[in-house]
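A.B. asks: If you want the building blocks of each chain, they are given just below.
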Amino acid sequence: MDWINAIVQGTLLGGLYALFAAGLSLIFGVMRLVNIAHGDLIVLAAYLGLSVSTVLGIHPLVALALVVPIMAALGYGLQRGILNRTLGDDLLPPLLVTFGLSVILQNGLLEIYSADPQKLQAGAIETASLQLGSLALGYLPLLMFACSVAIIAGLQWMFYRTALGRAFRATSDRQDVAQLMGLNRAHVFGLAMALALAVTAVAGVFLGIRTSFDPSIGGGRLIFGFEAVIIGGLGNIWGTLAGGVVLGISQSIGAEINPGWQVLAGHVVFLAIIALRPRGLFPRMD
Amino acid sequence: MKYLNPSRRHFMTGTAAMLAAPAILRATRAYAQTPVLRVGHVSPRTGPLAGFAEADDYVLQAISERFAGGIQNNGKTWAVEIISKDSQSNPNRAAEVAADLILRDEVDIIVAASTPDTVNPVSDQAEINEVPCVTTDCPWQPYFFGRGGNPAQGFTNTYHFFWGLEDVIGAFLDMWGQTGVAKIAGGLFPNDADGNAWGDAENGLPKPLAAAGYSLTDPGRYQPLSDDFSNQIAAFKAAGCEIVTGNMIPPDFATFWAQAAQQGFTPKIVTIGKALLFPSVIESLGERGNGLSSEVWWSPNHPFASSLTGASSRELAEGYTAATGRPWTQPIGFKHALFEVVADVIARAQDLEDSGAIVEAIAATSLATIVGPVDWSVGPVKNVTKTPLVAGQWQREGDKFDLKIVANTAQPSIPLTGTMQLL
Numbered sequence: 001m002d003w004i005n006a007i008v009q010g011t012l013l014g015g016l017y018a019l020f021a022a023g024l025s026l027i028f029g030v031m032r033l034v035n036i037a038h039g040d041l042i043v044l045a046a047y048l049g050l051s052v053s054t055v056l057g058i059h060p061l062v063a064l065a066l067v068v069p070i071m072a073a074l075g076y077g078l079q080r081g082i083l084n085r086t087l088g089d090d091l092l093p094p095l096l097v098t099f100g101l102s103v104i105l106q107n108g109l110l111e112i113y114s115a116d117p118q119k120l121q122a123g124a125i126e127t128a129s130l131q132l133g134s135l136a137l138g139y140l141p142l143l144m145f146a147c148s149v150a151i152i153a154g155l156q157w158m159f160y161r162t163a164l165g166r167a168f169r170a171t172s173d174r175q176d177v178a179q180l181m182g183l184n185r186a187h188v189f190g191l192a193m194a195l196a197l198a199v200t201a202v203a204g205v206f207l208g209i210r211t212s213f214d215p216s217i218g219g220g221r222l223i224f225g226f227e228a229v230i231i232g233g234l235g236n237i238w239g240t241l242a243g244g245v246v247l248g249i250s251q252s253i254g255a256e257i258n259p260g261w262q263v264l265a266g267h268v269v270f271l272a273i274i275a276l277r278p279r280g281l282f283p284r285m286d
Numbered sequence: 287m288k289y290l291n292p293s294r295r296h297f298m299t300g301t302a303a304m305l306a307a308p309a310i311l312r313a314t315r316a317y318a319q320t321p322v323l324r325v326g327h328v329s330p331r332t333g334p335l336a337g338f339a340e341a342d343d344y345v346l347q348a349i350s351e352r353f354a355g356g357i358q359n360n361g362k363t364w365a366v367e368i369i370s371k372d373s374q375s376n377p378n379r380a381a382e383v384a385a386d387l388i389l390r391d392e393v394d395i396i397v398a399a400s401t402p403d404t405v406n407p408v409s410d411q412a413e414i415n416e417v418p419c420v421t422t423d424c425p426w427q428p429y430f431f432g433r434g435g436n437p438a439q440g441f442t443n444t445y446h447f448f449w450g451l452e453d454v455i456g457a458f459l460d461m462w463g464q465t466g467v468a469k470i471a472g473g474l475f476p477n478d479a480d481g482n483a484w485g486d487a488e489n490g491l492p493k494p495l496a497a498a499g500y501s502l503t504d505p506g507r508y509q510p511l512s513d514d515f516s517n518q519i520a521a522f523k524a525a526g527c528e529i530v531t532g533n534m535i536p537p538d539f540a541t542f543w544a545q546a547a548q549q550g551f552t553p554k555i556v557t558i559g560k561a562l563l564f565p566s567v568i569e570s571l572g573e574r575g576n577g578l579s580s581e582v583w584w585s586p587n588h589p590f591a592s593s594l595t596g597a598s599s600r601e602l603a604e605g606y607t608a609a610t611g612r613p614w615t616q617p618i619g620f621k622h623a624l625f626e627v628v629a630d631v632i633a634r635a636q637d638l639e640d641s642g643a644i645v646e647a648i649a650a651t652s653l654a655t656i657v658g659p660v661d662w663s664v665g666p667v668k669n670v671t672k673t674p675l676v677a678g679q680w681q682r683e684g685d686k687f688d689l690k691i692v693a694n695t696a697q698p699s700i701p702l703t704g705t706m707q708l709l
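Protein chains in written order, with the numbering used here: chain A, 1 to 286; chain B, 287 to 709.
Worth flagging that the hints you see were computed from the coordinates, not collected in a lab. Heads up, the beta-carbon is just placed ideally off N, CA and C, and yes, glycines get one too. All clues given are correct.
Here are a few chain A residues that face chain B, going by a calculated C-beta distance under 7 Å:
#: 1; residue: 5
#: 2; residue: 9
#: 3; residue: 13
#: 4; residue: 118
#: 5; residue: 119
#: 6; residue: 121
#: 7; residue: 136
#: 8; residue: 138
#: 9; residue: 256
#: 10; residue: 258
#: 11; residue: 260
Covered stretches of chain B (chain A as the covering partner; in silico rule of three or more C-beta atoms under 8 Å from a C-beta of chain A):
#: 12; segment: 506-516
#: 13; segment: 563-570
Can you build the whole structure from these sequences, using the hints too?
C.D. replies: Dropping the structure here:
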């Protein structure tokens, strides 16, 4: 029973990791940009959720209606204003710029919100749970998992069924040819980042409801996002969900054996997958 | 291009000035009217530990005003300059700024506070460089044993005042004992300096808890910033734990506490070190913050007063609330006391030019501070002295939470302000 519980809770945790990772996976897929500031952008979204829900006195999940467009606009501006200038044949400049962005975000948040731990108050949903035999499934983790599946399904649909998705794929395949066909590369990249940060907004608000956060915790969340992307295989959005779930279950099973092995077990499984399948479980991209 | 080809004359004047500079600079201090004593201060102003240092500005401002007229030593007035540096909550950075203070700013005394991550690296730098050092705000076991201290020898230049794990265990047992709950406890200890010390089988919680008749379920050390505690919760449920204790950081506690509710685990007492110290953390937990308990190192109700300003504990705490609009926190008293000790040492030292004499003065301290008596002639080991510790519970009062002192058997001089209530 303990093992079933560990696997079920691990799967639900995987939903959270997939949410952390979806934005990363999207922007890496479209423009080969490794965003070191992703974890801090998640924390930024959590703080935006906090400000919106306290100022307007609304439920944090309702606040998403504002946080998502704000983050998307921020993403578009960030990409067109800063990150587009760093993209080129060299991977290093965007890496360094996003690293700097991460430092600026952390210290900016510290300056505005102080180091106090904050939490989004979501009321009864935080502690309510569904009893299935001896298993207790929290509504919040279930909702997070459902959101994560829905978002990934939505991204997948957008990628393969819409004109925007076609533009993303075309630009990702050959930037110069896409440009010749009348796609404005800078604009397409801006839209990709906007979409990525919209997903990040959801991840941030869920993180804020689930646990308390302060300006410095972003970096710790980044590594799980990266691992989920790599386990799932680069460029495959469903793979990212699978990667998140694999990571969540391995951590949970590791913790069942010994709590000290929780994070370690995730890293070990990640390394094992890299060793056996260097391109991840379901790669779509060379 | 001009600068790349200096003329011979430029080169000579520049070199001469550089060679002469140290001689001239050294002379200035000897001829100064009022000699200056520099105090280096390292504290985590930013980063995850910043809550410990949030009162720094308030405390340092009051101290600087007090020091403005200088301090009398052997009939001579010394100006005191405090140089404060940020450890960014990072032990490597703490060591770096401590070395900077010692080697570049040439401080005469170095002080530090707030958790082993700040106190230990600063003390180690001071010990190596033979600079007198006073620290606080970190239980003495992680300070002493964490630095490889040998109780027979101790350290030469570094001194520490705070309480120890034996005090925290005593205060917790005192608090739990009066409620009559089943003696079945669950332990949550992270894999960090504090968690390993608290959970240590020999020197930590397990042994005294067993001696007092408690069974402790300790699933093992978890990594800080864990996202999932369902396995620990399952283990506690299986063992029928009514008490949860340990030492956690606030985000981990929030994750644990929400998951405990989701999975139907309802302990009667939750006493956690570190995570539940600050009112801001309790506020962030909302309704579920009510009734959590923690150790109390200092509170406005402590019957002590400052040896520097004469202010009582209540006046110091209320002054902070008035100045910043924020609720009082426990480190305020200790940060103030740290500078009380410094002022006392500066006044008493035989020869302020000699670091050995300053160390002797520190060792001979016997001072009634705002956090209780500081006297290194009494202590569990050399270089360490202990301040009183009690236990308290956060109870809702109107729309705010107040930390009520509910257990004081070991320190009857600190009055009780409430009675323990079960969750």
